[in-house]
Amino acid sequence: MRRALVLLVAIVALGAWMGFGAEHPKIGLVLATGGLGDRSFNDQGFWGAERAAEEIAAEYGVSVDDVLDYVEPRSIADYESFYREFSRAGEYAVIIGIGFDHAPILEEVAPDYPDQKFVVIDAVAAVDNVASIVFRDQETAFLCGVVAGMLSETRKGGVLGGMDIPLIRRFVDGFTQGMKWIDAEAEVSVRFVGDWGNPTLGKELSLELYRGNADIIYGAAGASHLGTFAAAEERDGWWAIGTDVDQAWSAPEHADVIIASGLKRVDLAVYTEVMKVIDGTWEAGVIEYGMATDEGIGTGIAFGPWDVSDYIEASYSTVALPNNVVKDILAKLNEAVEGIRDGTIVIETE
Amino acid sequence: MGVLSLDLFVAALRLATPIAFVALGETFSERSGTINIGVEGTALAGALIGATVSFFSQSPWLGLAAAVGVGMLLGLIHAIWCVYLRSDHVVAGAAINLLVTGLAYFLTRVVWGWRGTSASAPILNPWLLVWTMVALVLISQIFLFRTPWGLRLRVVGEHPKAADTAGINVYRTRVGYSVLNGALCGLAGAFLFNNLGRFSVGMVGGRGFIGIAAMVVGNYRPIPAFLAAYLFGFVDALQMRLQDVIPSHFSIMLPYVLTIIVLAGFLGRANVPAALGKPYIKEEG
Numbered sequence: 001m002r003r004a005l006v007l008l009v010a011i012v013a014l015g016a017w018m019g020f021g022a023e024h025p026k027i028g029l030v031l032a033t034g035g036l037g038d039r040s041f042n043d044q045g046f047w048g049a050e051r052a053a054e055e056i057a058a059e060y061g062v063s064v065d066d067v068l069d070y071v072e073p074r075s076i077a078d079y080e081s082f083y084r085e086f087s088r089a090g091e092y093a094v095i096i097g098i099g100f101d102h103a104p105i106l107e108e109v110a111p112d113y114p115d116q117k118f119v120v121i122d123a124v125a126a127v128d129n130v131a132s133i134v135f136r137d138q139e140t141a142f143l144c145g146v147v148a149g150m151l152s153e154t155r156k157g158g159v160l161g162g163m164d165i166p167l168i169r170r171f172v173d174g175f176t177q178g179m180k181w182i183d184a185e186a187e188v189s190v191r192f193v194g195d196w197g198n199p200t201l202g203k204e205l206s207l208e209l210y211r212g213n214a215d216i217i218y219g220a221a222g223a224s225h226l227g228t229f230a231a232a233e234e235r236d237g238w239w240a241i242g243t244d245v246d247q248a249w250s251a252p253e254h255a256d257v258i259i260a261s262g263l264k265r266v267d268l269a270v271y272t273e274v275m276k277v278i279d280g281t282w283e284a285g286v287i288e289y290g291m292a293t294d295e296g297i298g299t300g301i302a303f304g305p306w307d308v309s310d311y312i313e314a315s316y317s318t319v320a321l322p323n324n325v326v327k328d329i330l331a332k333l334n335e336a337v338e339g340i341r342d343g344t345i346v347i348e349t350e
Numbered sequence: 001m002g003v004l005s006l007d008l009f010v011a012a013l014r015l016a017t018p019i020a021f022v023a024l025g026e027t028f029s030e031r032s033g034t035i036n037i038g039v040e041g042t043a044l045a046g047a048l049i050g051a052t053v054s055f056f057s058q059s060p061w062l063g064l065a066a067a068v069g070v071g072m073l074l075g076l077i078h079a080i081w082c083v084y085l086r087s088d089h090v091v092a093g094a095a096i097n098l099l100v101t102g103l104a105y106f107l108t109r110v111v112w113g114w115r116g117t118s119a120s121a122p123i124l125n126p127w128l129l130v131w132t133m134v135a136l137v138l139i140s141q142i143f144l145f146r147t148p149w150g151l152r153l154r155v156v157g158e159h160p161k162a163a164d165t166a167g168i169n170v171y172r173t174r175v176g177y178s179v180l181n182g183a184l185c186g187l188a189g190a191f192l193f194n195n196l197g198r199f200s201v202g203m204v205g206g207r208g209f210i211g212i213a214a215m216v217v218g219n220y221r222p223i224p225a226f227l228a229a230y231l232f233g234f235v236d237a238l239q240m241r242l243q244d245v246i247p248s249h250f251s252i253m254l255p256y257v258l259t260i261i262v263l264a265g266f267l268g269r270a271n272v273p274a275a276l277g278k279p280y281i282k283e284e285g
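As you go down the protein sequences, you meet chains A and B in turn. So that you can map any letter, position 101 of the first sequence is 101 in my numbering, and since no number is skipped, the others follow by simple counting. So that you can map any letter, position 156 of the second sequence is 156 in my numbering, and since no number is skipped, the others follow by simple counting.
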């Protein structure tokens, strides 16, 4: 009898201890098929979640690994099982999906777990327990267009897109309007690779754009626009603009042709959403990130040697520009940021 | 309009080069009786190992040698599976494709910390490999149809028993041309790496499979296979220049649609080697 009692106490104690251990909030992260190591979209999403996890871990005295669980799906077909595994566990404060192609799967899965909070980046999943994060990519692209407009000697820019989809059309529209905001006569040519991972084709298309007289190309094609950087190396006076992170940092061997990079602060968005869950201020629905939104963050550009504002950050670019040119461009960028924030610049998208 | 410029023909040649290397290699391999759909992965391995060796040795020539070497190794593995172990040729080739893709993700992440992409490495002028390809196509055409070695190769693929009776070593011939196929696929990968200056896992992007299609359209002959590869490259280069006029959704399809149409026209009367894909079992006597 006594032995049974001891055992019972032990079990209860163990249960209480485990229960206590599980008390800290946990984050479930489902990355896009590109996986970690892209030094761009996926890595940024991970950094945001990691930063949030570090803060949570410090507060509860546990390790980051206890707080953050992540998976790297090999294909879109894997998404559903990962979401269901995370959801069924019932121990995650929030489950985050990185990438536009997660939305249709979340629309299937999320209604089955109505108490689970989900966040999806870059697409809208119309479910009551999903916060859909969209970025005003056109703002970022507009700033890149401003740089192109200021620097292009041929008065012609190019955009290399991965695929002709609404997301990339926002890049094209923003870039074109930014360039024309500086130089109303400027032209923009657009080419699509049809593939996010084929830099061989990306290089051919970029060469075609450069030879078609564009001297600055904005790459919005994932790994495919690594080919743009390779093409830009072939002749002096050909420049490229990177995407999502400062690509003069992520592709340092091309820092001599990458004049600027559009920024998409996925890390800030992921961090902010996790913190909202922790604070209890999290809400489902569509949440826009960008300069002219309630969040007020998430878009911007890496250009020049200085961190100027929340939107204009220093770049690792090694393109040598005269100081006065850099200052002129930074002044114009500041003007554009203010215009976008106060609504005097309205970027039209399809 | 300015679409039909010299640039177009030059770009077409660049786009055709990896396809033509693969088509040439596969012509040798299939003429001797071995189907290898692992050419896609073999080309990728050539680019991967070529970039890796060039990166560490800082010598693009060593990189080129390594690309050819890894191609030969994969060709040898495929031949051992198909010729001696008599496994299904298509399954063995698919295994190579899967193996190399996995290796590419693993190696890039371990070496450069960047999934699927290498850092920049020293390169050769890619045109060196383009002209190598053109020269090899011409030499191969003569080799296959104007030399005794070419005749022996064709007999092994058409009637291995007759070849064996005539004293030709069927196994060794098949292994040898599989290895040659691997070497040529390695060159396809080496061209892709030297053209871009780094490795990226999507850089072959189906061009190995298109190489097999070019070989079929070329009816197992080097020069026609090259012309088929050039046609694909030409239409691909053309669609890039037509994107201002035709929506990209359609223009990107053009080279593939063309491949399907041309293949459909050629498959029926293709000059398929009679013993293709069939293991040869030597009678003990």
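Hints may be right or wrong, so weigh each one.
What the hints assert, rightly or not - Dumping the calculated SDA-like pairs for lysine to any residue here, alpha-carbon to alpha-carbon at most 25 Å:
(1) K161/B <-> Y84/B
(2) K161/B <-> E283/B
(3) K276/A <-> A103/A
(4) K180/A <-> V245/B
(5) K180/A <-> Y84/B
(6) K180/A <-> D244/B
Stated by the list, open to error - Per the computed footprint, the stretches of chain B lying under chain A, defined by three or more beta-carbons under 8 Å from a beta-carbon of chain A, are:
(7) 122 to 133
(8) 235 to 247
Unchecked claim - Calculated from the model, a selection of chain A residues having no Cβ within reach of chain B, i.e. all distances over 10 Å:
(9) G90
(10) A126
(11) I182
(12) E185
(13) G194
(14) W196
(15) E208
(16) W238
(17) D279
(18) Y316
(19) V319
To be clear, the hints were calculated from the coordinates, so they are not data collected in a lab. For each residue, glycine too, the CB sits at the ideal point set by N, CA and C.
Query - Hint check, failures only - result: Of the numbered hints given earlier, those the structure breaks are 5, 7, 13, 14 and 15, listed in rising order.
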